[in-house]
Amino acid sequence: MHMSRARSPRRPGTKVMATYWEQRGLYGVMAEFADSDQLLHAARRAYAAGYRRMDAYSPMPVDGLAEAIGFRRNFVSPVVLLGGLLGGCGGFGLMYWISVIAYPFNVAGRPMNSWPAYIPITFECTVLLASLSAMIGMFAMNGLPMPYHPVFNVAKFARASTDGFFLCIEADDPKFDREGAKVFLNELNPIEVTEVEK
Amino acid sequence: MKSDQFEEPTSLAVIDPGPDKIIGPGHSYASVTDKISGIIFQPLKKTPKVWFLAFLVSFALMQLLLIAATWLFVKGVGIWGIIIPVAWGFAIVNFVWWIGIGHAGTLISAILLLLKQDWRTSINRFSEAMTLFAVSCAAMFPILHLGRPWLFYWLMPYPNTMWVWPQPRSPLVWDVFAVSTYATVSLVFWFVGLVPDLATMRDKAKTKWQQMIFGMFALGWRGSARHWSRYQMAYILLGGLATPLVVSVHTVVSFDFAVAILPGWHTTIFPPYFVAGAIYSGFAMVLTLMIPVRRWFHLEDLITMRHVEACAKVMLGTGLIVAYGYLMEAFMAWYSGDVYERFMYWNRMTGPYGWSYVMLILCNIAIPQLLWIRSIRLNVFWVWMLSLVVNVGMWLERFVIVITSLHRDFLPSSWGIYYPTRWDWATFIGTIGFFLTMMWLFVRFLPAISIFEVREVLHHEGGGHAHEPSPQPAPAGD
Chain A
2 MHMSRARSPR
12 RPGTKVMATY
22 WEQRGLYGVM
32 AEFADSDQLL
42 HAARRAYAAG
52 YRRMDAYSPM
62 PVDGLAEAIG
72 FRRNFVSPVV
82 LLGGLLGGCG
92 GFGLMYWISV
102 IAYPFNVAGR
112 PMNSWPAYIP
122 ITFECTVLLA
132 SLSAMIGMFA
142 MNGLPMPYHP
152 VFNVAKFARA
162 STDGFFLCIE
172 ADDPKFDREG
182 AKVFLNELNP
192 IEVTEVEK
Chain B
8 MKSDQFEEPT
18 SLAVIDPGPD
28 KIIGPGHSYA
38 SVTDKISGII
48 FQPLKKTPKV
58 WFLAFLVSFA
68 LMQLLLIAAT
78 WLFVKGVGIW
88 GIIIPVAWGF
98 AIVNFVWWIG
108 IGHAGTLISA
118 ILLLLKQDWR
128 TSINRFSEAM
138 TLFAVSCAAM
148 FPILHLGRPW
158 LFYWLMPYPN
168 TMWVWPQPRS
178 PLVWDVFAVS
188 TYATVSLVFW
198 FVGLVPDLAT
208 MRDKAKTKWQ
218 QMIFGMFALG
228 WRGSARHWSR
238 YQMAYILLGG
248 LATPLVVSVH
258 TVVSFDFAVA
268 ILPGWHTTIF
278 PPYFVAGAIY
288 SGFAMVLTLM
298 IPVRRWFHLE
308 DLITMRHVEA
318 CAKVMLGTGL
328 IVAYGYLMEA
338 FMAWYSGDVY
348 ERFMYWNRMT
358 GPYGWSYVML
368 ILCNIAIPQL
378 LWIRSIRLNV
388 FWVWMLSLVV
398 NVGMWLERFV
408 IVITSLHRDF
418 LPSSWGIYYP
428 TRWDWATFIG
438 TIGFFLTMMW
448 LFVRFLPAIS
458 IFEVREVLHH
468 EGGGHAHEPS
478 PQPAPAGD
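Protein chains in written order, with the working numbering: chain A, 2 to 199; chain B, 8 to 485.
If we strip away everything but chain A, and leave its shape as in the complex, we get (with noise of 0.2 Å):
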């Protein structure tokens, strides 16, 4: 979802606008703000404001941040889920199919499905999943790996990693006009605001 929107800025709408700002290669107008609690005042004040493509930076998790920017649906969970039911399926499926099926082996008289013996690799495989699920949908979700984003365009984003706090209104957003924006962002009180080129 974010991916597409960073590399295509056009959306349904809001396309002669896209287009102005495509070729003046404005993604945003970025403000810096000193510490947490003021770029989670900004974000909401944003979000009050109308802005809705927006996102803040932080070189640590603030709770209420990526509410406050309008991110309510975290997928996480279920894509997890299913790795998991998918993991325990798979490899109790998969004892089953070898032990009565592929290869039947009469061990001490056992019935063939003796499936109490097959909850161990059942229950490996479902962690197995569900824990490479986690990773894999996370970043994906996340759209990373991603190399290039116009934010690292701004020189002090380094800090964003460090002890940064950062406010990006997007070009693409409905609402966005330059100037507006960076009186917008002018009156949250920050300690810069500035311009983030394609």
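Warning: the hint list may mix true and false statements.
Unchecked claim - Label-pair distances were calculated between CB atoms; the ranges are:
{"hint": "1", "chain 1": "A", "residue 1": "R111", "chain 2": "B", "residue 2": "A373", "range": "39 to 49 Å"}
{"hint": "2", "chain 1": "A", "residue 1": "R111", "chain 2": "B", "residue 2": "E468", "range": "54 to 64 Å"}
{"hint": "3", "chain 1": "A", "residue 1": "G26", "chain 2": "B", "residue 2": "P156", "range": "50 to 60 Å"}
{"hint": "4", "chain 1": "A", "residue 1": "G91", "chain 2": "B", "residue 2": "L377", "range": "46 to 56 Å"}
{"hint": "5", "chain 1": "A", "residue 1": "L87", "chain 2": "B", "residue 2": "G85", "range": "39 to 49 Å"}
{"hint": "6", "chain 1": "B", "residue 1": "V57", "chain 2": "A", "residue 2": "I102", "range": "51 to 61 Å"}
{"hint": "7", "chain 1": "A", "residue 1": "P112", "chain 2": "B", "residue 2": "Y331", "range": "31 to 41 Å"}
{"hint": "8", "chain 1": "B", "residue 1": "V57", "chain 2": "A", "residue 2": "L82", "range": "44 to 54 Å"}
{"hint": "9", "chain 1": "B", "residue 1": "W161", "chain 2": "A", "residue 2": "L87", "range": "17 to 27 Å"}
{"hint": "10", "chain 1": "A", "residue 1": "E198", "chain 2": "B", "residue 2": "M392", "range": "52 to 62 Å"}
The set of hints was computed from the structure by calculation and includes no laboratory data. For each residue, glycine too, the CB sits at the ideal point set by N, CA and C.
For chain A, the structure is supplied; the task is to place chain B on it using the hints.
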């Protein structure tokens, strides 16, 4: 491009805040970042001399492993001391010892995450790396022990021209799945935890190569709020998945023994007491490695006495569970009335390997009771010595379980005596060399303390806001 914006690493005094705090005074987001990344970015010449010495010794020991493994491939398992009643020998003793050591890493990173123990933060990355390398060492032994190690992939279920499949009713096949899942999930957990820190390293790197390497593995992480939200969900779920996994792995390892009908192995107490023993030995190894590392790299303000004491307490607690396990084993041997069980236990205590049992009780139960004394828990030297004692003790436990149970079973005609050869020792010491080599490389070249989680602790404590607006804003764009 981005290099001049950062001041030189802060010269904050290294103060251990004592057993109550997990971070030394005066730290901000920037100072913890500088401090931890400074270990990696310092010039090679500035690396503490003792690191080079430790690395050289470990690297030399690792060569023993290469030599021993090569000779094993040439000559076969006959170069080891294994004989027919004791066919498992050192290989399985070392396998269980190493995999147990790995368990503390998962416990610290996963279980303490779920329990919201903030003291896990400075040591989780380090312990996770320890898990990875310990599991690598563990996995070598069953494979080297196979006789034809190059056919190890026969353990995995795959369609083959022989039309045979692994036997899913066997604990040994469970073990293959448990250990390989454990290694994979540990790697996933470790890597997911590393990504935001790799982004920090990428942004702080001064040279092109560093930027490229860290940048590649950082996957383009930029700290977006949406990303953090998914990240935290994935991380906590990984913690929730790793927690039952770590319990299952050592349970399955104990099934290797407990499912057999051999006296001394066939007991129901094995799974819980193996898991407790694994955590016991793992915490001992964490302390053995953490105490020198914190001294070499002057990390006393991030790995404080709080961490040392907490690890010592966990060691004491799990040690008592292990003691209960020994007690119950002995009690059940007597109470069962089974002549073979009784003989086995008597033989374990007074037979040819009685010395190992006495040493085991001393190292695992008697001596660690010193940890009840607070002044000993707060003395780094004594905690370190005790951690070494427990490492030896836990190795002896596996030696006692494997060797004494096997060497005299039901029929006196099949009894035997097992002596490890120099190749057994070379392989074992070689894996220690491999493990330490990897650990020393890790602490020097990757962030050994999770930077973003330390920032998070500062954030929740309300600190870290030492960030001053820079007087001259940089121009927009670059």
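Taking the hints in turn, this is what the structure says about them:
| no. | hint | in the structure |
| --- | --- | --- |
| 1 | A/R111 - B/A373: 39 to 49 Å | holds (44 Å) |
| 2 | A/R111 - B/E468: 54 to 64 Å | holds (58 Å) |
| 3 | A/G26 - B/P156: 50 to 60 Å | holds (59 Å) |
| 4 | A/G91 - B/L377: 46 to 56 Å | holds (49 Å) |
| 5 | A/L87 - B/G85: 39 to 49 Å | holds (45 Å) |
| 6 | B/V57 - A/I102: 51 to 61 Å | holds (60 Å) |
| 7 | A/P112 - B/Y331: 31 to 41 Å | holds (37 Å) |
| 8 | B/V57 - A/L82: 44 to 54 Å | holds (48 Å) |
| 9 | B/W161 - A/L87: 17 to 27 Å | holds (26 Å) |
| 10 | A/E198 - B/M392: 52 to 62 Å | holds (59 Å) |
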